[in-house]
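Asker: In terms of the UniProt record's numbering, the first sequence opens at residue 1 and continues consecutively.
Incorrect hints may have been included.
[Stated by the list, open to error] Each computed DMTMM-like pair below joins lysine to aspartate or glutamate, with the alpha-carbon atoms no more than 20 angstroms apart:
no. : residue 1 : residue 2
1   : Lys674    : Glu619
2   : Lys569    : Glu625
3   : Lys542    : Asp462
4   : Lys671    : Glu723
5   : Lys542    : Glu625
6   : Lys425    : Glu509
7   : Lys477    : Glu492
8   : Lys424    : Glu545
9   : Lys640    : Glu575
10  : Lys424    : Asp510
11  : Lys569    : Glu545
12  : Lys653    : Glu619
13  : Lys595    : Glu630
14  : Lys643    : Asp682
15  : Lys424    : Glu538
16  : Lys425    : Asp462
17  : Lys653    : Glu575
18  : Lys671    : Glu713
19  : Lys247    : Glu213
20  : Lys543    : Asp510
21  : Lys595    : Glu517
22  : Lys230    : Glu213
23  : Lys550    : Glu538
24  : Lys244    : Asp228
The set of hints was computed from the structure by calculation and includes no laboratory data.
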Amino acid sequence: MGPRRSARIAALTDNNKQNESVEQSTVIPKRKVRSKKGVENVNMTSSTSIPTENISRSSKTIACEEVTEAIDVLITPAEPSINKGKSKESTLPLIDSSINKGKSKEIFQHSDGSKSFLEPIDSSWLQKRKFGQSHDNDNDSCNNGTIEHSLQSNNVNEEDDSDDWEEVDLSEYQDLSDNPSESRPFPNKTIQLTFKMPKIQYKYCAMAFSLIEYELQALFDKALVKIDVKHANLLTIALQDLCKWWKNYFTITKPGIRNREYHEFGEDGVENIIEKDEFSDCLPSIDAFRRSLRVGEGSRDTSTQLFVAALRSLGIPARLVCSLQAVSFRFARKNKTAASRNRKEGNGSNNENLMNNNINEEVQRTLGLGKYKLNANRKDSKDVRVGHSKKQRSVSKKGRKQDDLQKSDVPPIFWCEVYFAAYKKWICVDPVRALVNSPQAMEPASNVTDNIMAYVVAYEKDVTRRYATQWGARTRKLRVPVTKDGYDWWHETLVYFARPYESKQDDEEDAHLHKLEVSERIPTSIGPFNNHPLYALERHLKKYEIIHPKQPIIGHIRDEPIYPRRNVKQLHTAETWLREGRQVKIGEQPVKHVKSRIYTVSKRRAANMASLYDEDPPESGLYGEWQTEEYIPEPIINGKIPKNSYGNVNMFKECMCPIGGVHIPINGIGKVAKDLGIDYGDAVVGFDFQARRCIPVVHGIVVAKENEIMLLEAWHEHASVVEAKNNAKREKAVLARWRKFIIGIKIRMRLQNDYVKHDWSDMEEEESEFHHGESEGESELYHGDTDEEDNNNSIGVDDKGETNESIVDKVVINNNDFSDYMDIESEFICEDKVEVNTGDDFMNEENDGEGGFIHEENDTDEVFMLE
DNA sequence: TTGGGGTAGCGGCCTTTGTCAATT
DNA sequence: TAATTGACTTTGGCCGCTACCCCA
């Protein structure tokens with residue numbers, strides 16, 4: 001079996017990192033080598049390595065498997081006499097075909113005490129066998145597409161299948177093998193290399209492998225010796241036979257995963273739903289998975305997954321395909337129907353309606369399943385919920401028969417694909433229904449709600465187009481749509497799972513899928529033409545669309561011409577094209593007229609006037625892109641800026657700037673230009689729509705280029721003058737506030753000096769009266785007869801912020817630069833602190849006093865914040 | 001069973017250059 | 001007196017899509 005497996009894998013390649021490996025395999029020339037003429041001998045030793053290119057490739061391949069431990073291998077020059085394929089040490093015992101042939105249900109006692117019809121996988125021959133297998137696989141990868149080296153000769157019936165091997169001119173290698181000392185690729189010295197040895201992972205493959213009847217294995221061997229159409233056909237037959245055998249072997253007990261609606265998840269959450277699911281089996285561990293294989297029972301999903309494992313054990317490059325049952329982003333249609341029906345009929349109470357809805361949901365779900373039925377231990381509860389529908393009862397009756405599951409022709413969620421190197425294609429294989437190369441059979445009917453085909457993935461690749469016969473008409477619409485700004489959720493998601501490199505095989509497959517997409521058959525009904533990516537009908541055109549040109553006509557449906565979608569063109573008004581930086585060519589007439597939308601007040605008035613005189617409402621002419629050209633701005637002559645009818649310059653795009661002009665995007669600079677006598681135009685860059693009014697957005701001005709420097713210099717000068725003025729204004733305002741603040745302090749102190757020392761209660765009363773009597777600002781008590789006198793009574797604050805009033809013991813401004821307060825003041829919040837040490841502790845309360853300050857208590861100082 | 005046609009309901013997009021009074 | 005600023009209004013109407021129903 002070993003050498004034949006080598007051949008097989010050479011033809012079809014390793015399948016774990018399938019694309020990469022398969023690509024390598026496809027370049028393998030016709031040459032084939034008898035295992036008798038092997039040129040290498042591999043011994044297992046413990047040493048390290050001089051990795052060769054081929055070996056490193058091998059190691060790479062193995063690394064794709066689940067490997068954990070590394071061992072060292074010593075390669076010595078080949079000894080042909082040993083590798084005649086008959087070495088007893090390297091030859092595994094022959095498989096007794098009776099094990100698999102007709103006696104597959106024989107019961108064996110396993111080491112763990114369990115019983116099954118399978119021979120225990122830890123039997124010695126199997127251990128040896130899988131050891132041989134692993135090396136065969138490894139070595140195949142080492143061949144680099146030039147020659148195959150048989151490392152192990154565990155030759156099962158070698159004489160029998162020797163006819164399958166082709167004679168290859170090995171003169172080049174004959175020398176090598178006969179005279180090891182002269183070998184060129186391997187000099188006459190020991191080469192040590194290291195690679196990782198696969199661990200227990202092969203055990204699972206071996207389990208599946210051991211189940212397969214020997215005739216089937218032989219058939220695959222025969223089919224895989226060569227890459228041509230003849231052998232590809234043989235491989236198809238082998239796959240069909242394998243499927244039939246698998247269908248008989250594996251008993252389907254559950255239908256598998258089904259699509260759910262959003263509301264079904266409720267409060268249970270996804271995990272609980274999965275565990276409670278009656279339709280699929282939740283395999284919590286690899287042991288459960290293995291047990292399912294051993295017993296030969298499980299859901300349809302498990303069946304396919306195990307089948308893929310079996311295929312891989314045969315060396316077939318197979319990959320699992322899954323039609324993801326994503327929860328729809330739309331509302332549940334059926335439920336809504338039922339709910340509305342109940343509403344209309346008005347039968348029963350709300351609770352009854354609710355119950356009916358639930359029942360209807362179950363009915364729909366069950367009907368959607370077609371022939372599926374639950375297994376025996378679940379059926380009772382299900383029957384109760386299903387209700388009294390006649391149709392449903394019939395489904396229920398059918399469902400009791402286990403055969404229904406087995407014979408079900410409802411497309412599964414899982415299936416697999418096998419790579420045919422001869423065709424350079426992945427071929428669909430459905431082990432549940434024993435179908436080979438029937439991709440169209442994988443698509444569920446449109447009325448089935450439990451199986452929605454929207455995203456079909458094969459490992460890391462989206463292969464939906466291979467299976468969706470109505471990709472553009474139906475399947476595409478089931479997906480989360482691409483947003484207007486181009487965000488494609490699905491594409492972005494797949495990026496995380498994609499390999500960082502693309503192989504030749506990937507390119508071929510992508511090209512094939514693309515070909516399928518663009519060659520989708522024309523729909524046979526009207527509906528699917530709506531928004532179809534390839535075809536279009538005139539009736540589905542949107543308001544701002546037109547078909548141009550009206551040739552070619554692809555076909556007709558009910559006497560209505562079908563046009564290619566690429567001929568559907570977008571139309572715009574002349575104004576909209578202008579905003580895109582394009583203008584309508586001279587002499588072009590609108591290709592379509594639409595009723596003008598009445599949005600602005602001015603348009604409404606125009607419409608009212610029209611209706612007053614029984615005139616037709618105003619219309620807008622629409623133009624296609626082919627009727628427009630790039631906007632050509634007018635030139636500036638003698639510094640005169642060309643303007644539109646509103647006295648502005650349209651600057652929706654930078655390319656619309658008048659020739660010889662420059663856009664200065666500074667607001668307010670127009671005033672400076674005006675002062676200098678420079679002609680300018682306000683630059684309109686867009687529109688705002690507020691309260692049913694269209695307001696142009698002006699950003700800067702447009703002037704002649706020769707005036708730009710002069711204008712900018714004047715602008716900077718103007719800006720500095722304005723800034724100085726503003727600073728002076730702020731400074732004045734801040735000083736006024738400081739004056740007010742200090743006066744407030746003075747008032748408090750006077751009050752304290754005059755009243756507080758005598759009687760606190762009196763003070764409180766009088767202060768209360770004081771607050772009521774005085775509104776804000778200085779108290780009249782401290783007003784002089786004149787402003788001058790008043791100022792003399794107040795505390796003066798010089799530029800350094802120091803007071804000249806002796807009654808205040810100390811006023812400290814915690815800021816070195818007084819001017820900073822001006823900036824702060826402008827925001828009406830002063831975060832810097834003014835420390836006031838009055839010597840008395842009379843203001844230990846928060847107060848928004850006459851001076852407009854707030855007192856904050858502090859551990860160490862009295863701190864006030866200006867407001 | 002499938003699909004067309006009609007209807008209802010909903011969400012979202014479209015619109016494309018004021019006027020007047022108070023204040024500075 | 002001219003220039004500037006800010007409030008006003010307040011929400012329409014249509015398109016496109018989907019769900020649903022009825023019927024052929």
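Asker: Tell me, in ascending order, the numbers of any earlier hints that this structure violates.
Answerer: 1, 3, 8, 9, 12, 13, 15, 20, 21, 22 and 24
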